[in-house]
Amino acid sequence: MNKNILGIIFSNMHDNSLGELTDHRTMGSVPFGGRYRFIDFPLSNMVNSGITNIGVVTKSNYQSLIDHIGSGREWDLARKRGGLYVLPPFSSSHSGIYRGRLEALAGIRSFISTQTADYILLSDCDVIANINYQEMVDTHISSGADITVMYKRMPIESSDLYETTAFELDEQHRVTDVMIGPQNKGYYNVYENVVIMSKELLERIIQETSQRSQYSFKRTILQGSRDRFDIRGYEYTGVSMTIHSIHGYFKANMQLLDKETRSSLFRPGNPIYTKIKDEVPAKYGMASRVVNSMIADGCVIDGTVENSIIFRGVKIARGAVVKNSIVMQGTTVGEGASMDYVMVDKDVFIREGKELKGSNTYPIYIAKGSVV
Amino acid sequence: MFRKKEWIAMLLAGGQGSRLYALTRKLAKPAVPYGGKYRIIDFPLSNCVNSGIDTVGVLTQYQPLVLNEYLGNGQPWDLNRINGGLFALPPYQKSSGSDWYRGTANAIYQNINFIERYDPDYVLILSGDHIYQMDYAKMLAFHKEKGADCTIAVLDVSLEEASRFGIMNADSEKKIFEFEEKPKHPKSTLASMGIYIFTWSKLKQYLEEDEANPNSSNDFGKDIIPKMLADGQNLYAYPFEGYWKDVGTIDSLWEANMDLLDPKVSLNLYDPIWKIYSRNPDMPPHYLAESAKVQNSMVCEGCSIAGTVDGAVLFAGVTVEEGAIVRDSVLMPGCTVKRGAVVDYAIVAEDVTVGEGAKIGERPEHIEDKDSWGVAVIGEKVKVSPGTIVPPKAMIEENL
Numbered sequence: 000m001n002k003n004i005l006g007i008i009f010s011n012m013h014d015n016s017l018g019e020l021t022d023h024r025t026m027g028s029v030p031f032g033g034r035y036r037f038i039d040f041p042l043s044n045m046v047n048s049g050i051t052n053i054g055v056v057t058k059s060n061y062q063s064l065i066d067h068i069g070s071g072r073e074w075d076l077a078r079k080r081g082g083l084y085v086l087p088p089f090s091s092s093h094s095g096i097y098r099g100r101l102e103a104l105a106g107i108r109s110f111i112s113t114q115t116a117d118y119i120l121l122s123d124c125d126v127i128a129n130i131n132y133q134e135m136v137d138t139h140i141s142s143g144a145d146i147t148v149m150y151k152r153m154p155i156e157s158s159d160l161y162e163t164t165a166f167e168l169d170e171q172h173r174v175t176d177v178m179i180g181p182q183n184k185g186y187y188n189v190y191e192n193v194v195i196m197s198k199e200l201l202e203r204i205i206q207e208t209s210q211r212s213q214y215s216f217k218r219t220i221l222q223g224s225r226d227r228f229d230i231r232g233y234e235y236t237g238v239s240m241t242i243h244s245i246h247g248y249f250k251a252n253m254q255l256l257d258k259e260t261r262s263s264l265f266r267p268g269n270p271i272y273t274k275i276k277d278e279v280p281a282k283y284g285m286a287s288r289v290v291n292s293m294i295a296d297g298c299v300i301d302g303t304v305e306n307s308i309i310f311r312g313v314k315i316a317r318g319a320v321v322k323n324s325i326v327m328q329g330t331t332v333g334e335g336a337s338m339d340y341v342m343v344d345k346d347v348f349i350r351e352g353k354e355l356k357g358s359n360t361y362p363i364y365i366a367k368g369s370v371v
Numbered sequence: 002m003f004r005k006k007e008w009i010a011m012l013l014a015g016g017q018g019s020r021l022y023a024l025t026r027k028l029a030k031p032a033v034p035y036g037g038k039y040r041i042i043d044f045p046l047s048n049c050v051n052s053g054i055d056t057v058g059v060l061t062q063y064q065p066l067v068l069n070e071y072l073g074n075g076q077p078w079d080l081n082r083i084n085g086g087l088f089a090l091p092p093y094q095k096s097s098g099s100d101w102y103r104g105t106a107n108a109i110y111q112n113i114n115f116i117e118r119y120d121p122d123y124v125l126i127l128s129g130d131h132i133y134q135m136d137y138a139k140m141l142a143f144h145k146e147k148g149a150d151c152t153i154a155v156l157d158v159s160l161e162e163a164s165r166f167g168i169m170n171a172d173s174e175k176k177i178f179e180f181e182e183k184p185k186h187p188k189s190t191l192a193s194m195g196i197y198i199f200t201w202s203k204l205k206q207y208l209e210e211d212e213a214n215p216n217s218s219n220d221f222g223k224d225i226i227p228k229m230l231a232d233g234q235n236l237y238a239y240p241f242e243g244y245w246k247d248v249g250t251i252d253s254l255w256e257a258n259m260d261l262l263d264p265k266v267s268l269n270l271y272d273p274i275w276k277i278y279s280r281n282p283d284m285p286p287h288y289l290a291e292s293a294k295v296q297n298s299m300v301c302e303g304c305s306i307a308g309t310v311d312g313a314v315l316f317a318g319v320t321v322e323e324g325a326i327v328r329d330s331v332l333m334p335g336c337t338v339k340r341g342a343v344v345d346y347a348i349v350a351e352d353v354t355v356g357e358g359a360k361i362g363e364r365p366e367h368i369e370d371k372d373s374w375g376v377a378v379i380g381e382k383v384k385v386s387p388g389t390i391v392p393p394k395a396m397i398e399e400n401l
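The listed protein sequences derive, respectively, from chains U and H. Under this note's numbering, the residue at position 86 of the first sequence is numbered 85, and the numbers go up by one with no gaps. Numbers given in this note's numbering equal positions in the second sequence, counted from 1, plus 1.
Just so you know, the hints here were simulated from the structure itself, not pulled from any lab data. One or more of the hints may lead you astray.
Claimed, not checked - Examples of chain H residues lying across from chain U (beta carbon under 10 angstroms, computed):
hint, residue
1, K276
2, K294
3, C304
What the hints assert, rightly or not - When the alpha-carbon atoms are kept at most 25 angstroms apart in a straight line, the in silico DSS-like pairs for lysine-lysine are as follows:
hint, chain 1, residue 1, chain 2, residue 2
4, U, K258, H, K294
5, H, K339, H, K360
6, H, K145, H, K205
7, H, K276, U, K276
8, H, K147, H, K6
9, H, K175, H, K265
10, H, K265, H, K147
11, H, K265, H, K223
12, U, K258, H, K339
13, H, K382, H, K27
14, H, K139, H, K175
15, H, K228, H, K203
16, U, K322, H, K294
17, U, K276, U, K151
18, U, K274, H, K360
Said to hold, decoys possible - Counterexamples of contact, computed for chain H against chain U with all Cβ distances above 12 angstroms:
hint, residue
19, A23
20, K38
21, P121
22, D157
23, G222
24, D272
25, R280
26, D283
27, N297
28, S298
29, P387
All C-beta atoms, glycine included, are put in the ideal place defined by N, C-alpha and C.
Make the full structure from the sequences, and use the hints.
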């Protein structure tokens with residue numbers, strides 16, 4: 000990729016869709032897959048695609064995000080030339096807390112103008128995938144399109160329709176229709192919230208829309224300016240998991256127990272980077288029994304674990320049984336406690352002998368720091 | 002401009018570790034992997050940082066490639082500092098010729114210029130061959146309190162073991178009056194741990210004198226310490242309590258790994274204020290399949306296990322296929338144990354493939370002649386063909 004590209008990641012988009020999980024954190028800092036946060040995926044993808052100039056746009060509750068990404072060193076983004084820029088909301092009489100992507104971009108207009116990039120790649124944090132953006136960038140440039148949007152053809156359940164944006168495309172992959180929250184379940188060309196366009200066009204769009212108080216990129220640009228701009232789709236055909244809801248979050252974690260998903264997300268040449276915690280390798284006791292599960296560093300496991308995702312530094316005591324659950328960092332499961340279909344947030348203490356049972360469709364959620 | 006430092010550390014990491022044979026053919030002993038994700042040198046380096054030392058010179062000589070690459074700019078140990086930090090110090094050419102490091106004392110002598118830049122009051126001399134957690138700041142406080150010229154950390158060993166070590170004979174105030182290297186009839190059980198704090202002005206003087214003596218072997222234990230004692234300098238023994246292990250042999254390296262699985266062993270890697278830092282692999286959490294059976298083991302990120310693992314230490318990215326058995330063994334990063342293979346009492350170096358149905362090592366209870374039993378070692382990148390039997394105590398360096 001010889002073009003100079005600036006990456007912009009929106010860490011707060013879709014916060015509402017994950018309810019309690021994002022009460023105290025941004026969408027970007029939601030824990031995922033035993034040791035990651037959502038933002039690790041777009042960040043690592045950009046770095047692995049040669050994009051080393053990245054702005055992360057924040058809005059609210061971003062302490063955990065800042066704590067996680069720090070100087071960007073773990074993504075090799077602590078650089079003198081380019082690197083990582085965290086862009087907190089910039090408030091003045093005409094900006095402030097933004098309502099949508101366009102207003103968020105208006106808030107970082109001066110940052111964008113100082114960048115020397117030819118193109119700008121925008122991404123949210125709601126798609127878990129290991130994508131090399133290079134092909135999309137090349138397609139965008141060779142097609143001569145004004146704007147290229149990434150989509151994936153996939154079935155959408157009725158519960159996820161509300162959060163879905165879908166495209167209709169012609170043979171040249173031109174976007175001919177944009178549906179926000181389609182009515183019926185079925186197969187759609189689903190928007191993956193990844194967009195590329197030239198810096199010059201993006202700056203023009205920001206200029207025009209901020210004058211008119213337009214804030215939604217999807218509604219104003221993708222839907223409303225289809226006749227003005229040449230907007231094309233780029234199909235992503237690899238494995239990806241789009242997180243639209245708590246249930247979708249649960250399902251996506253569980254999907255990591257599938258070998259194909261793991262080998263497509265975690266590829267030796269394109270690693271997903273994350274914050275390092277210098278934990279000890281996981282330790283299994285004499286009586287441990289663990290099957291079909293992902294276990295991260297720092298865990299001490301003396302009990303039984305089945306079909307679960309166990310994050311870093313979790314302790315599961317002798318006689319405890321954890322099934323079909325997600326247990327986040329630093330949680331302790333006491334002796335003889337049992338859990339089935341439970342999502343446990345960070346630093347929770349489950350007392351001895353406690354029994355918690357949810358179901359596949361409604362897993363129980365235990366908030367960060369609780370004692371149960 | 003260099004700001005003055007109260008103390009700096011010099012870490013002797015040039016040793017070959019010849020008794021680790023296949024494991025140190027291409028890397029210096031301090032770079033040997035240990036404990037599922039660490040290398041031996043992580044322990045002294047983490048101890049330095051946790052003790053408040055921010056300047057460490059690492060003296061390298063034998064096979065430095067892996068070690069240098071691992072150390073990098075010292076960032077994993079928080080030693081990428083603007084003022085001080087981590088420095089690899091290989092021997093170098095000087096205007097008046099060039100010289101390998103001829104001994105531990107000579108290695109420090111050749112780096113007097115490096116030390117002087119920081120104008121330290123004290124210099125801590127460490128080696129990169131030991132697994133232990135130690136607060137060197139307490140040792141420095143002891144050194145100052147005693148008004149010592151040199152303080153040597155000692156471990157109370159058993160009388161039988163004592164003849165394998167350098168033994169310090171000290172009075173009730175811990176002042177050393179005699180030093181005996183590997184005595185046949187030890188008078189005390191205070192063994193030198195190879196950790197010294199010197200008052201720098203004194204050490205510099207002795208290093209220069211030692212260098213001028215053509216009969217000297219330029220070694221701390223053989224030359225510097227005996228000479229200082231003979232001159233009536235103040236040498237003190239600093240008693241250390243806790244886990245300390247020299248991992249210089251195949252057996253001791255294997256034991257030190259197995260110690261991590263023993264709840265009675267006092268090495269505490271989980272101490273939040275005394276973490277052992279290392280270069281972490283960028284790999285996902287490990288996955289245990291439906292058929293996996295893992296007990297009494299340590300497993301690092303990126304492993305994929307479908308077989309049986311018991312009493313083992315598995316480094317990052319190890320694969321144990323269904324039907325394979327790994328017991329009482331150490332598998333270094335990137336190893337694969339294929340279907341039906343059995344690994345017992347072995348150390349398997351990086352990126353080894355153990356073919357289907359192969360058998361590495363043997364359990365001691367299955368061997369009548371105890372002298373023929375020992376830990377089997379497979380050197381890095383070796384491919385063991387399906388069905389091959391590797392006997393206990395074997396040292397394999399070529400594909401089988």
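Going through the hints against the structure:
1. Given hint, K276(H) at the interface with chain U, holds; its Cβ is 5 angstroms from that chain's nearest Cβ, closer than 10 angstroms.
2. Given the 10 angstroms rule on beta carbons, the hint for K294(H) holds: about 8 angstroms separates it from the nearest Cβ of chain U.
3. Given the 10 angstroms rule on beta carbons, the hint for C304(H) holds: about 9 angstroms separates it from the nearest Cβ of chain U.
4. The straight-line distance between the Cα atoms of K258(U) and K294(H) is roughly 18 angstroms, inside the 25 angstroms bound, and the hint therefore holds.
5. Our distance criterion of 25 angstroms between C-alpha atoms is met by K339(H) and K360(H), whose separation comes to about 11 angstroms.
6. Restraint check for K145(H) and K205(H): the C-alpha separation of about 18 angstroms stays at or below 25 angstroms, so the hint holds.
7. With a C-alpha separation of about 10 angstroms, the suggested pairing of K276(H) with K276(U) holds against the 25 angstroms cut-off.
8. As the CA atoms of K147(H) and K6(H) are separated by approximately 21 angstroms, the hinted pair is consistent with the 25 angstroms bound.
9. Distance restraint check for K175(H) and K265(H): the Cα-Cα separation of roughly 29 angstroms exceeds the 25 angstroms cut-off, and the hinted pair is therefore not satisfied.
10. Straight-line distance between C-alpha atoms of K265(H) and K147(H) comes to about 34 angstroms, which puts the hinted pair past the 25 angstroms bound.
11. For the proposed pair K265(H) and K223(H), the alpha carbon gap of about 36 angstroms is over 25 angstroms, so the pair is violated.
12. For a cut-off of 25 angstroms, the pair hint linking K258(U) to K339(H) stands: about 17 angstroms separates their Cα positions.
13. Proximity of K382(H) to K27(H) is assessed by CA-CA distance (about 12 angstroms); at most 25 angstroms being required, the pair is judged to hold.
14. Between the alpha carbons of K139(H) and K175(H) the distance comes to roughly 15 angstroms, so the proposed pair stays at or under 25 angstroms and holds.
15. Of the pairs offered as hints, the one joining K228(H) and K203(H) holds, with about 12 angstroms between alpha carbons and a cut-off of 25 angstroms not exceeded.
16. For the suggested pair K322(U) and K294(H), the alpha carbons sit about 16 angstroms apart, so the restraint of at most 25 angstroms is met.
17. Annotation: proposed proximity of K276(U) to K151(U) is violated, straight-line Cα distance about 34 angstroms (limit 25 angstroms).
18. Restraint check for K274(U) and K360(H): not satisfied, since their Cα atoms lie roughly 39 angstroms apart, outside the 25 angstroms limit.
19. The claim that A23(H) is not at the interface with chain U holds, since no C-beta of that chain comes within 12 angstroms of its own (minimum 23 angstroms).
20. With a minimum CB-CB distance of about 5 angstroms to chain U, K38(H) fails to clear the 12 angstroms threshold, and the non-interface call is violated.
21. Listed as outside the interface, P121(H) is consistent with that label: its C-beta sits roughly 28 angstroms from the nearest C-beta of chain U, beyond the 12 angstroms cut-off.
22. With a minimum CB-CB distance of about 27 angstroms to chain U, D157(H) clears the 12 angstroms threshold, and the non-interface call stands.
23. Every CB of chain U is more than 12 angstroms from the CB of G222(H) (nearest about 33 angstroms), matching its label as outside the interface.
24. With a least beta-carbon separation of about 10 angstroms from chain U, D272(H) fails to lie farther than 12 angstroms from that chain, contradicting its non-interface assignment.
25. For R280(H), the requirement that its beta carbon stay farther than 12 angstroms from each beta carbon of chain U is not met, with the minimum near 9 angstroms.
26. Not every Cβ of chain U is farther than 12 angstroms from the Cβ of D283(H); the closest lies at roughly 4 angstroms, contradicting the non-interface assignment.
27. Taking the minimum C-beta to C-beta distance to chain U, about 5 angstroms, the non-interface status of N297(H) is violated against the 12 angstroms cut.
28. For S298(H), the shortest C-beta to C-beta distance to chain U comes to about 5 angstroms, within the 12 angstroms cut-off, and the non-interface label is violated.
29. The claim that P387(H) lies off the interface holds: its Cβ sits roughly 23 angstroms from the closest Cβ of chain U, which is beyond the 12 angstroms cut-off.
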